[in-house]
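*Asks:* Using the sequences and the hints, build the whole thing.
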Amino acid sequence: QVQLQQSGPGLVKPSETLSLTCAISGDSVSSNSAAWNWIRQSPSRGLEWLGRTYYTSKWHTDFAVSVKSRISINPDTSKNQFSLQLNSVTPEDTAVYYCAREKEYNWFDRWGQGTLVTVSS
Amino acid sequence: EIVLTQSPDFQSVTPKEKVTITCRASQSTGSNLHWYQQKPDQSPKLLIKYASQSFSGVPSRFSGSGSGTDFTLTINGLEAEDAATYYCRQSSSLPYTFGQGTKLEIK
Numbered sequence: 001q002v003q004l005q006q007s008g009p010g011l012v013k014p015s016e017t018l019s020l021t022c023a024i025s026g027d028s029v030s031s032n033s034a035a036w037n038w039i040r041q042s043p044s045r046g047l048e049w050l051g052r053t054y055y056t057s058k059w060h061t062d063f064a065v066s067v068k069s070r071i072s073i074n075p076d077t078s079k080n081q082f083s084l085q086l087n088s089v090t091p092e093d094t095a096v097y098y099c100a101r102e103k104e105y106n107w108f109d110r111w112g113q114g115t116l117v118t119v120s121s
Numbered sequence: 122e123i124v125l126t127q128s129p130d131f132q133s134v135t136p137k138e139k140v141t142i143t144c145r146a147s148q149s150t151g152s153n154l155h156w157y158q159q160k161p162d163q164s165p166k167l168l169i170k171y172a173s174q175s176f177s178g179v180p181s182r183f184s185g186s187g188s189g190t191d192f193t194l195t196i197n198g199l200e201a202e203d204a205a206t207y208y209c210r211q212s213s214s215l216p217y218t219f220g221q222g223t224k225l226e227i228k
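Top to bottom, those sequences are chains A and B. Last residue of the first sequence? That's 121 in the working numbering, and every number before it is there in order. Last residue of the second sequence? That's 228 in the working numbering, and every number before it is there in order.
I should point out that these hints are in silico values taken from the structure, not numbers from a laboratory. Keep in mind that a hint or two might mislead.
What the hints assert, rightly or not - Cβ-Cβ distance ranges computed for the label pairs, FRET-style: (1) A/E104 to B/T141: 24 to 30 Å; (2) B/D162 to A/S78: 28 to 34 Å; (3) A/N80 to B/G198: 38 to 44 Å; (4) B/T190 to A/E16: 37 to 43 Å; (5) A/S25 to B/E200: 28 to 34 Å; (6) A/E16 to B/S173: 40 to 46 Å; (7) A/E104 to B/Q163: 19 to 25 Å; (8) A/P9 to B/T141: 20 to 26 Å; (9) B/N197 to A/K58: 42 to 48 Å; (10) B/G198 to A/T61: 41 to 47 Å; (11) A/E92 to B/G189: 33 to 39 Å.
Being a predicted model, the structure only gives us computed values, none of them experimental. For each residue, glycine too, the CB sits at the ideal point set by N, CA and C.
*Replies:* The structure is reproduced here in structure tokens:
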């Protein structure tokens, strides 16, 4: 059974960096048939896809235009996990952040438990 | 970016009723449209993939149809546990986008 376990701080100061990790069990971050995504949810923006990483002979990443200049998503094969970093956060980045497995590069079939991240001084 | 518009935004329904939620895309997504259920304080859960394929373990009362720009999620014989918000999501092109959600309240 595939499980995704999120970790990271729930409070980040404005202008600092939001960092979250998603640990994978039951699958591999290097899988050739899955991508590993970050999505966030807030009352004002609804569900918003942020980006993904996946491996097909080499590592790839895709990002939403809205965060492209501030985001990085990195796999860690030694720990079988992937991470999200979002730089220069503002209160508008306050949201519940989810990691999710994208099976067959199409549907999100497994989700992490969600992490509420509040951006506040 | 493909915009997904769901209707209705909110529906109050009685148990055993048939419920229909629609999702309209601003451009064709083929069959690359999926439905999710989210209950309060929970992560979304996949119900339907590729517009009409039920995901493993999902009750048979949930079904999906449509292609191109118009899609439907149907719940036949609503149960109290189906109180949730339902979202469509497209995987036809990046950026992936979600509908705004349809909240079902059980009377």
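*Asks:* Indicate, hint by hint, whether the structure satisfies it.
*Replies:* Outcome of the hint check:
For the pair A/E104 and B/T141, the beta carbons lie near 27 Å from each other, so the given range of 24 to 30 Å is met. For B/D162 paired with A/S78, a C-beta distance near 33 Å keeps the hint of 28 to 34 Å intact. A/N80 and B/G198 have their C-beta atoms about 41 Å apart, which keeps the hinted 38 to 44 Å range intact. Evaluation of the 37 to 43 Å hint for B/T190 and A/E16 yields a pass: the beta carbon distance comes to about 42 Å.
Under the hint 28 to 34 Å, the C-beta atoms of A/S25 and B/E200, about 31 Å apart, fit the expected range. A C-beta distance of roughly 45 Å is found between A/E16 and B/S173, which places it inside the suggested range of 40 to 46 Å. With their beta carbons about 24 Å apart, A/E104 and B/Q163 fall inside the hinted range of 19 to 25 Å. Remark: the range hint 20 to 26 Å for A/P9 to B/T141 is contradicted by a beta-carbon distance near 42 Å.
A hinted range of 42 to 48 Å holds for the C-beta pair B/N197 and A/K58, which are about 46 Å apart. At roughly 43 Å, the beta-carbon separation of B/G198 and A/T61 lies within the given 41 to 47 Å, and the hint holds. The given range of 33 to 39 Å is respected by A/E92 and B/G189, whose C-beta atoms sit roughly 34 Å from each other.
Checked against the numbered hints above, the structure violates only hint 8.
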